[in-house]
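Chains as they are written, first to last, in the numbering used here: chain A, 284 to 438; chain B, 284 to 438; chain C, 284 to 438.
Read the hints as simulated data drawn from the structure, not as lab findings. The reader is advised that the hints may include incorrect statements.
Heads up, the list lumps identical chains together, so a pair's fine if it works in one copy or across two of them.
[As the list claims (entries may be wrong)] Quick list of in silico lysine-lysine cross-link-like pairs, DSS-like style, CA-CA up to 30 angstroms:
| no. | residue 1 | residue 2 |
| --- | --- | --- |
| 1 | 287 | 426 |
| 2 | 426 | 334 |
| 3 | 287 | 387 |
| 4 | 426 | 387 |
| 5 | 426 | 392 |
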Amino acid sequence: MIFKMPTRYFLSSGTSEGYMPLNAFDGALLQAGIGNTNLVRMSSIVPPHCKRVAPIPLPPGALVPAAYAAITSDTPGEIVSAAVAIALPENEDQNGLIMEYSAKGERQKIEDTVRRMAEEGMKLRGWPIRDLQSIAAEHRVEKVGAALAAVILWD
Amino acid sequence: MIFKMPTRYFLSSGTSEGYMPLNAFDGALLQAGIGNTNLVRMSSIVPPHCKRVAPIPLPPGALVPAAYAAITSDTPGEIVSAAVAIALPENEDQNGLIMEYSAKGERQKIEDTVRRMAEEGMKLRGWPIRDLQSIAAEHRVEKVGAALAAVILWD
Amino acid sequence: MIFKMPTRYFLSSGTSEGYMPLNAFDGALLQAGIGNTNLVRMSSIVPPHCKRVAPIPLPPGALVPAAYAAITSDTPGEIVSAAVAIALPENEDQNGLIMEYSAKGERQKIEDTVRRMAEEGMKLRGWPIRDLQSIAAEHRVEKVGAALAAVILWD
């Protein structure tokens, strides 16, 4: 293996305004408690036997594998939302599946969509679902805003 | 070095329909045999002396460095294709180059383009080509579809 | 930790024409001295006590964590620029922040913007700035061109 296998994960979300879209994204990461780390984006699996934990304070600057949905907008008044869902299989020797979705619109609709996406992914695998977890964030843009939802893998 | 050096690689491709674009992408990954891993996208080199192997069953949830081309579409009837090419140098102490390309259109055209891209990349380096490898996938969209072609690095 | 903590970093930039946008990007990476590595993109922190060094020759094919801004264009005559900035805190036990920005337009304007972005990011953290570093590249497109600016983490 090139990289170590993650053994723990947590869910986190945030929103922010910012000077530029990347500043708003940075602010949303900070609110989510992961703004001082180096997120390495990946697609998008929870390893078997990887345990959900409460958010962990991560070492500043650490390289951290993460799956996340993020959206930025510079249209004042626009509502944007980001959500992630995790579907975990009944058979704990199989992996879980992470889905990400972000779009204009209210949190409930975006979160419903991403949960359905995770269910569809498990249906495609033919794996019954033991648990379906999700987190979402909604933001009404003032000038430049961002919404973020993330699954952080750790060991 | 921050990460371990890859020593083996394989090529893989897939296509799928899905509930949402990310589901179609997930289905294409599954068809390609890499749907239960965490792909970490990188740009886009085969290390010297890295050996091509037949597709390897990867541990579920493993973090896997990969270069890939992917395209999704929700336009029924549209044909989309994705392709990757690897140009390997005559001097085996030098690295190979991976190119990715995806677009509307038929597989042959997309694959020809990505092969040419890899040739141009080696020309830019002034390195004669020992071998040119490629893989491609074409998909005609029903509702929401995806095509994917990937180079997976492993050790 | 899943990945090793970076201890050194350097800044680098490049521009290029190319057969396709990805070839122009590849050429810009080569000019920047990082074209034969596997960049793993991350968001976007310099760890505490990570030291700036002169550009290091990296092992071909190595997986290298990097934060970068890149822009490609196929509009002849268009000027495109890419820039990164790093704001380092007075308190050396805290991490630095990397910001990336690329857009149509001249280097000076893009670099000014990205420096301001890094300042705003530190203001959001409430951390006084000890040093503000940046690098930028500007390219006038002939046929297909790219500009790139990067922060490379290493150990």
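(message) If the cut is 30 angstroms between Cα atoms, do residue 426 and residue 387 qualify within a copy, between copies, both or neither?
(response) Close inside one copy (15 angstroms) and across copies (22 angstroms); limit 30 angstroms.
(request) Could you figure out if residue 426 and residue 334 sit no more than 30 angstroms apart (CA to CA) within one copy, between two copies, both or neither? (result) Neither: 39 angstroms inside a chain and 36 angstroms across chains, both beyond 30 angstroms.
(message) Within, between, both or neither: how does the pair residue 287, residue 426 come out at a Cα-Cα threshold of 30 angstroms?
(response) Cα proximity of residue 287 and residue 426: none, with 41 angstroms in one copy and 38 angstroms across.
(message) One pair to classify: residue 287 and residue 387, alpha carbons no more than 30 angstroms apart. Within, between, both, or neither?
(response) neither (36 angstroms within a copy, 37 angstroms between copies)
(request) Check residue 426 against residue 392 for me: Cα-Cα at most 30 angstroms, and say if that holds within a copy, between copies, both or neither. (result) both (23 angstroms within a copy, 21 angstroms between copies)
The structure does not agree with the numbered hints 1, 2 and 3 stated previously, though it agrees with the rest.
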